[in-house]
Amino acid sequence: MTIRRRLRWLLGLTVLSPSSHLHACTVCDSQAGHQLRSQLFNGHFLRTFACIGLPWGVVVLAALTLYFAVPDFQSPVANEGENLDQTRLTLVPGTARTSS
Amino acid sequence: VISRTATRPLILAGTVLGIGMGGFVDGILFHQILQLHNMLSNWVIRDTLVNEQINMFWDGLFHSFTWLCVAVGIWLLWQAVKRPGVILSGKAFCASLVFGWGVFNLVEGLVDHEILQIHHVYQNGSHLIWDLVFLAFGTAETIFGAVAIRSGFVADVNSS
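Chains as they are written, first to last, in the numbering used here: chain A, 17 to 116; chain B, 2 to 161.
Bound conformation, chain A alone (with noise of 0.2 Å):
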């Protein structure tokens, strides 16, 4: 085994050892998850939350502003003088269906 492939096997067992530094996660008790513990967690985390979910409380508005703002559509049909009513479109069977 020439040393270059020695030394292919060793970067190769490094780096699949579960002892690697390397290791890390939101609850691990080790160096970089202590660390990131510390940066996650501390005085602007409040604040880094708030602007996460500033975005979906402007969505939840919108969508219901928009729920509030659905004008009657108007058909063509019902312009015809043919007027559209709930109980028609639960007889007639087609594509359009309402629910019952």
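Hints listed in this document are in silico derivations from the structure and should not be mistaken for laboratory results.
Cβ atoms here follow ideal geometry from the backbone N, Cα and C, with glycine treated the same way.
Hints should not be assumed to be uniformly reliable.
[Stated by the list, open to error] Pulled a few chain A residues facing chain B out of the computed Cβ check, cut under 10 Å:
id : residue
1  : C41
2  : Q51
3  : Q55
4  : F65
5  : I68
6  : G69
7  : P71
8  : V74
9  : V76
10 : L80
11 : P87
12 : D88
Let chain A serve as the given structure and place chain B on it in line with the hints.
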């Protein structure tokens, strides 16, 4: 006249579902597969393992919000289906999904990319053009969705 009480529940359900699914497209495609940006990648530069993991944490929170949105959307859809008199138009529902996706892209593009600048669409280059394309896509989806919702209901009602 197609009354709004017959259309609103389905539009709301489709829009909320579209917002959630649009969030998942952003999170899965841009954050995870392409890795163009992460949630805080303009504030916490992804140059170390810990910084990468900080971004991963906030990505997870972002995905939690998208999951909640989809869950609420499913509940709203269930309510719409059960409610008497609601027109169950497939075309209008699909258009609502597109509309919701557009609303998500517009709001996210304006709030996250431009106002708060917590990240940009493409973090490693000239970000303005990418941000503008993202906003333009969101605007096009919103307009197309709004027009298609109306025409979807009208077409389905007329064909019945």
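So which of those numbered hints doesn't the model satisfy?
none
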